[in-house]
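In the order they appear, the protein sequences are chains A and B.
For the first sequence, this note's numbering gives the first residue as 5, with consecutive numbering after it.
For the second sequence, this note's numbering gives the first residue as 5, with consecutive numbering after it.
Hints in this document: simulated from the structure, not taken from any laboratory.
Where hints are given, some of them may not hold.
Identical copies go unnamed one by one, so any copy, or any two together, can satisfy a pair.
[To be verified] With a straight-line cut-off of 25 Å between C-alpha atoms, the simulated DSS-like cross-links for lysine-lysine are:
hint, residue 1, residue 2
1, K233, K189
2, K143, K88
3, K203, K189
Keep in mind it's a predicted model, so treat the numbers as computed, not measured.
Protein chains: 2
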Amino acid sequence: MSEDTSEHALSDGELAETYAFAIQLGKDAGQILLDSLHKRRRDGNEDGLGEDLLVMQEKLNAVDIVTETDTRVEEFIHSSIVRKYPAHAFVGEEMYSQGFSKEYLVTDKPTWVVDPLDGTVNFTHGFVMFCVSIALVVKQVPVVGVVYAPLLNQLFSACRGRGAWLNETTRLPLLGRRGVGPIPKTAPSKCIFAFEWGKDRRDTPQGNMHRKVDSFVTMAAEVGGRDGKGGMVHGMRSLGSATMDLAYTAMGSFDIWWEGGCWEWDVAAGICLLREAGGLVTTANPPDDYEGAKIEDAKLGGRLYLAIRPASDGPDGETARQGQERCVREVWRRVRRLDYSRPGA
Amino acid sequence: MSEDTSEHALSDGELAETYAFAIQLGKDAGQILLDSLHKRRRDGNEDGLGEDLLVMQEKLNAVDIVTETDTRVEEFIHSSIVRKYPAHAFVGEEMYSQGFSKEYLVTDKPTWVVDPLDGTVNFTHGFVMFCVSIALVVKQVPVVGVVYAPLLNQLFSACRGRGAWLNETTRLPLLGRRGVGPIPKTAPSKCIFAFEWGKDRRDTPQGNMHRKVDSFVTMAAEVGGRDGKGGMVHGMRSLGSATMDLAYTAMGSFDIWWEGGCWEWDVAAGICLLREAGGLVTTANPPDDYEGAKIEDAKLGGRLYLAIRPASDGPDGETARQGQERCVREVWRRVRRLDYSRPGA
Numbered sequence: 005m006s007e008d009t010s011e012h013a014l015s016d017g018e019l020a021e022t023y024a025f026a027i028q029l030g031k032d033a034g035q036i037l038l039d040s041l042h043k044r045r046r047d048g049n050e051d052g053l054g055e056d057l058l059v060m061q062e063k064l065n066a067v068d069i070v071t072e073t074d075t076r077v078e079e080f081i082h083s084s085i086v087r088k089y090p091a092h093a094f095v096g097e098e099m100y101s102q103g104f105s106k107e108y109l110v111t112d113k114p115t116w117v118v119d120p121l122d123g124t125v126n127f128t129h130g131f132v133m134f135c136v137s138i139a140l141v142v143k144q145v146p147v148v149g150v151v152y153a154p155l156l157n158q159l160f161s162a163c164r165g166r167g168a169w170l171n172e173t174t175r176l177p178l179l180g181r182r183g184v185g186p187i188p189k190t191a192p193s194k195c196i197f198a199f200e201w202g203k204d205r206r207d208t209p210q211g212n213m214h215r216k217v218d219s220f221v222t223m224a225a226e227v228g229g230r231d232g233k234g235g236m237v238h239g240m241r242s243l244g245s246a247t248m249d250l251a252y253t254a255m256g257s258f259d260i261w262w263e264g265g266c267w268e269w270d271v272a273a274g275i276c277l278l279r280e281a282g283g284l285v286t287t288a289n290p291p292d293d294y295e296g297a298k299i300e301d302a303k304l305g306g307r308l309y310l311a312i313r314p315a316s317d318g319p320d321g322e323t324a325r326q327g328q329e330r331c332v333r334e335v336w337r338r339v340r341r342l343d344y345s346r347p348g349a
Numbered sequence: 005m006s007e008d009t010s011e012h013a014l015s016d017g018e019l020a021e022t023y024a025f026a027i028q029l030g031k032d033a034g035q036i037l038l039d040s041l042h043k044r045r046r047d048g049n050e051d052g053l054g055e056d057l058l059v060m061q062e063k064l065n066a067v068d069i070v071t072e073t074d075t076r077v078e079e080f081i082h083s084s085i086v087r088k089y090p091a092h093a094f095v096g097e098e099m100y101s102q103g104f105s106k107e108y109l110v111t112d113k114p115t116w117v118v119d120p121l122d123g124t125v126n127f128t129h130g131f132v133m134f135c136v137s138i139a140l141v142v143k144q145v146p147v148v149g150v151v152y153a154p155l156l157n158q159l160f161s162a163c164r165g166r167g168a169w170l171n172e173t174t175r176l177p178l179l180g181r182r183g184v185g186p187i188p189k190t191a192p193s194k195c196i197f198a199f200e201w202g203k204d205r206r207d208t209p210q211g212n213m214h215r216k217v218d219s220f221v222t223m224a225a226e227v228g229g230r231d232g233k234g235g236m237v238h239g240m241r242s243l244g245s246a247t248m249d250l251a252y253t254a255m256g257s258f259d260i261w262w263e264g265g266c267w268e269w270d271v272a273a274g275i276c277l278l279r280e281a282g283g284l285v286t287t288a289n290p291p292d293d294y295e296g297a298k299i300e301d302a303k304l305g306g307r308l309y310l311a312i313r314p315a316s317d318g319p320d321g322e323t324a325r326q327g328q329e330r331c332v333r334e335v336w337r338r339v340r341r342l343d344y345s346r347p348g349a
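Bound-form chain A, shown alone (with noise of 0.2 Å):
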């Protein structure tokens, strides 16, 4: 070990104390969340557009838009950091979103990564789908990791070694009579795909929308469709959270998500779900030797994703692990390649 290592590293005692502080933290960020949409609720009842929809700043473009709400939250977030954490470092997505260039900030040392309002679309259309992410990383594994959706009551929350947990007394991932299951043998048949169209929509063959759809066809087509690689999956998911998403697949609830162009505060808190659940998360896109290239795991500030679900060991010998990387491999044989690059990264 490095003095870097030992000069960032957390003792198990204080590791203990970051994840009930990050829990804490999720339900009482979650709570402004679900009070702001009470709230718009309870003034209802006025002619004309929504207030609330007034002072949504566009983004990026008409997809990405950010309410009043998400830079509360974050702010709320932010100072109970300091306050607790002073030598801790701090990312948000709104601290990008209003300037800050795209670079990846996340050094080794420990680092809140943190998403406020993830699923702000579902959020200001009232539709459950949307939470809040809260991730400590340190040396850039995210160790601590809670998502709450408040709308769904549902909060998971994990922690390195702690395992993956929902609503803090339900271990993930959710059981079925005997386990989880073995990753399916004709996979990608049989299993949830879950993925987002994401905010690049530019009309160009070579552009990220074109090459996701080919993706998602090639995914969902029958079996010998597109050349033989039709996938035939069992479903077709998209929530507008890629943290939900993610979440999902660390519960067991989808099989595969597959995703380009989000940000670490999107996915931090879902790599530990899904890691400490017994997941797997590599990148997006397929290498060249895709049937026999090493299975990586994702970079944080990647921005590009593939998560496969827990897994049970198979009938046949084959371990959890190993159905995972013929299931990693079966997407790469059907996925192109997207293209998000970001300065720093």
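Use these hints to put chain B onto chain A, whose structure you have.
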């Protein structure tokens, strides 16, 4: 009014009674779904594949599965209805899937149209987006609709003339500070667009999958893209449950739902919800004169649906209905016709 009309008409008292009956039936059926889900979890922790997966029977293909639970819940609902309303007809999803032809069987007689479990794949994966759907249809019009998603604790209900409700207490649509809001002037931009990929995954250029995907891409693409048709919608959502999509459109959480291929039991209750909330539902397939054609109500058994959320009147004198019709034509301009024919319709 013809003699036939009065023969099948329900009095206001009878209608109120069927509404209360349908709500209780939905709650009871939803509880059976929850109990079944929790039982699978309680009995977990053995090794290997869950038996619940083994009892699934393959229907149309690998995408459409039926569980023991579907069948049990439909039997419960069917027997409850037969006991209470022996003179009424009954059409249920499982009845069809067990060998009945796909003919449209709803007559003018009061008919209960039931999907015991919509979102079966979500259910088997423990994902929240599944529900029971119960409708009473009189003379082809859904007059009572109940959709209950027990894991979400969301009960949607509506009765002709009595409005649409969430959990029996909150009137739909959900309101922002000044009402649900008019349809955006730039619709489908600023709208949440919900759709499903469906079960028809044939990889043929004129097949429904490719027609759907073409339509999705046009709705998603940047303004100016796709030969000037790019819709730049705010969000693209696929939940894996047509019934939930439609309920969320009634709620105002989704702005547009476009779908081909689902059946009357998927939509009958949702159509009642949507109409009572103030929404509009017409056909998914654009007529030749999509700019001028009269906007007709969707046919219950037509398998083609385009729903627009409830709306407020616009600030410029445009009525809610005019805004919705404008939105219908903007969708029609961007989507391709789908081909879901059936015997008897």
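Hint check:
Proximity of K233 to K189 under the C-alpha cut-off of 25 Å is restricted to the intra-copy arrangement: shortest distance 16 Å within a copy versus 42 Å between copies. Taking the closest pair of Cα atoms, K143 and K88 come within 25 Å of each other only inside a single copy of the chain (20 Å); across copies the shortest separation is 65 Å, beyond that limit. For a Cα distance limit of 25 Å, the shortest separation of K203 from K189 across copies, 21 Å, qualifies, whereas the shortest one inside one copy, 34 Å, does not.
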